[in-house]
Structures are given as C-alpha cells and as structure tokens.
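Student: Sequence:
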Amino acid sequence: MKSFLIITLLALSTLNLYSEQRWVKVGEFAPEPYFMQLTCVDENNCFAFLISGETLHIYKSTDKGDNWVDLYSKVVNSDNISKCNVIDNRVMQFFSNRVLYETVNGAISFDPINIESITGVKNNLFYSYKMYNELFGVGANMENFHVTTDKWKTFKTGLYPDSINVGLPITFLDSDNLLYYKDVSEFSILSTLFIPLVTFYKYNITNKEWSLYNERPAYTPISNTPIQVNKIEISKNGVFYAVGVKYLPNSIKNDYILKSIDYGKTWRKLLDKESDSAGELVQISFKDENHGIAVGNWEYWGKILETKDGGYTWFRHSLQTELMCDNPIITWAGDTPLFAASECGVYRLETLSDVEMLNSNEKFKVYQSGNNLEIAINDPTNSTYNFKLYTSSGNSLISQGLRSSYGFVFEPVELIDLNNGVYFYTITKNNVVEFHDKLVVVE
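Each residue of the sequence shown is one higher than the one before, starting from 1 at the first, in the working numbering.
Simulated from the structure, these hints should not be mistaken for laboratory data.
Computed from a predicted structure; not experimentally measured.
Treat the hints loosely; a few may be bogus.
[Claimed, not checked] Computed list of lysine-lysine pairs in DSS-like fashion (alpha-carbon distance at most 25 Å, straight line):
| hint | residue 1 | residue 2 |
| --- | --- | --- |
| 1 | Lys-25 | Lys-64 |
| 2 | Lys-202 | Lys-83 |
| 3 | Lys-265 | Lys-182 |
| 4 | Lys-308 | Lys-269 |
| 5 | Lys-64 | Lys-151 |
| 6 | Lys-130 | Lys-153 |
| 7 | Lys-363 | Lys-253 |
| 8 | Lys-130 | Lys-156 |
| 9 | Lys-130 | Lys-25 |
| 10 | Lys-151 | Lys-202 |
| 11 | Lys-83 | Lys-153 |
Please work from the sequences and hints to get the whole structure.
Tutor: Set out below in structure tokens:
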C-alpha cells in the first residue's frame, strides 16, 4: 500500500480516527435464514434469532460473534411470530400465535404463557407484540392494546386516540407511563436553520390518559415535507437516536439521522444528506456515546455509515456485494460491530489498516484510507462539487463528483496506479476552487 502525504504550511498531526475495514462472514447458520434479532448482552454472550423455513432457531456466540452454536429450534408459524427479547444470557422470550415462550435457563427449554386465555383476544391476533423487559410487555391489535407489568399475570387495556397510529410504544418511561412516537416535523427559525421536532405522546396506564410528551415550539413548519422514521434507538445511557428518510420534490430522498440527549424532549439533526440509489437508512446502533453505525436496506445496493464522534462526522463503508440482502440488523459484541441480513448471514467488522487525517477545515475534511482518499463536505445545500487530481505539470488524472451534506459524510475517491511524486488536487463548486492542496505519493 502506498502512503499519501499532504504538504501544508502548518504541520498537521496524524489522527487515527477510522480504519480501512472489511466485513467478514462468520458462523454457519440454517439455510436461507431470516434474521429476527441479533443482540449481545456482552461481548461473550451474543444471540441470533432466525427463521429457516418454518423453524425458529436460536444461535449463541461466546467469542464476539466469530463462532455460533445452534442452541434451540422449534417449528412455528413464521407469519405469526413476533420480535424476540433477550433480557440476559439466561432469560429470553419470543411470541408466537398469541403464546409467549420464555426460557430462564439460556434457551435449553422454553415454557409457554397463553396470552389469549388471559386477554380474551380470540378473533384478532395481536397486530404487534413486544416484551420490554422480563415483566413489562405490550400486545396491540387494530382496535386497542394490552399492557402488563407482571408478565401477564395481570394486564390493562387502552384505546388509541385518532392522533396515534396503531402500534407499539417506543419504551416504558416508568411502570405507569408509555411513550409513543407520532411523527417528525422541521421548523424554520432562520432561512437556513431548520430545527427537527420528533413528536411523542405519553400514555398513563392507571388513569388511561393521553398527553403530549414534548411541547411544540412556536415555529413555522417549513413545508409538508414527509419525513419517515424507520428506527428509534435508545442507548444504554438514555440517549435517543432516530434514523430514516426525508422525501423531497422530484423523487429526491435524503438520509436523515437525529439525536436527543434529554430522553426525547428535544432533538438535534446529525445528518441530512441526499441519498443515492441505495436503500434508505433503517437501523442504527451505538456502542457508546460516540461510536455508532447506521445501516440501509441493501436490496438496492445499500449502505453502512459509521461515526466515532457522536454523529457529527460519518464515514461510509465501501460496498461489499455479498452483503446485498434485505432486513439488515446492526449490533455490538463489546467493541466489535456485528451485521446480519436475511439470507446473507452474519458479518464482523475487521480492521485492515489505519486511516489518517490529511487535511481539514470547517467545511472540508480529507482522510487517507488504503489506496483511497476519503472526502467529506459540510454544506447543507446538498450541492454537487467536483474533485480533480493533477500531475505536477498540470495534466488531469482523476475527476469525480462529490455531494455535500448537513454534517460530514465521507465519500471515497479511488487513487490507483499513481507513481511516486507530487500531485495537486482541487475541490470546486460551480467552477470555483474552494479547497486545494498537494499530494505526495511515496512507497
């Protein structure tokens, strides 16, 4: 691998923020797996719930996802099985045909709890169902929902208001209050400053009362631009992340990521960047307050974005065609990210070489990653820029378009077959040079 050096008037320190990385397939699983859950209690206790044919399988890894053992299998009706729940390395649950199955011995055996006989729901299957911990759970159908805080020994029934879509709460605020997501709006304070508002409603179980969870500020909506949130993730330290897509005129879609540090009361926009032909972002997971990964649906070429500074800059992983599958899931085995997608399997992220920061300012950042340059442009207008690389005599070698974004999202520029020597590059917008530097290539 060649080394690339940037010559500037000021000496720049080398900062190993990212690495040249590759997703490596691990484990052997049942054929054509549909992954329902991939989660890790800690780095040595990871579990994968998947459907193969009409059989549910539960796999476990004790080495950061490198090897997997099939712990449990059961023939089920795959159309009526809900998302599984892992409390710890011994207590796990899954829901099938209105029956909650629970293990307290690490998936050696499961005992059933017949929810239908408790709730009296006979003609309607639960439209959705989730246990939020060992005791708290919600089952919903098209008409109402049922809440338990004692693993269905008792329950209470609630009705949806017109303002809430049928579905499950995001979380239990406490043992007597549920938090429901409604929608996202954007409000304009200045012509270039847009503030996101994620609207939640709170439901009090005892009083059966709905109320607005976060107050609506007195701002004017910029438009009726649809924003679809595909996933709201609550990290271990209580920080909320929302990931999805913003639909713009002329069939343009923007990747969209938000963050809240006050349990969903107020939000900050981390990413608002015009998407390419790849699928929209559907999952996000953070290892800690700084290091997180967002993944898009790989059905249409897909994407994986990674941040190590709490979402203020994002690095886009190079495309791996073997990961082009639907229903992506991302989680962490300690410090190791794990990725799963239906029919593709499970992959671990492995480091190949360090990435060095070469040059940056408030608008542009340039990194080295193997034989690539990684370039990010912080410009919320989602404008088109052009990167050009020249020889010392002025001959053009490479020309590539780049899209700016709200925040820093790195895009690769492949540098191949460069001989040792001095090169120059420019980044222009509307034929005006906005960033330039020297590039020295040495073996």
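Student: Are any of the numbered hints broken by this structure? If so, which, sorted upward?
Tutor: 5, 9
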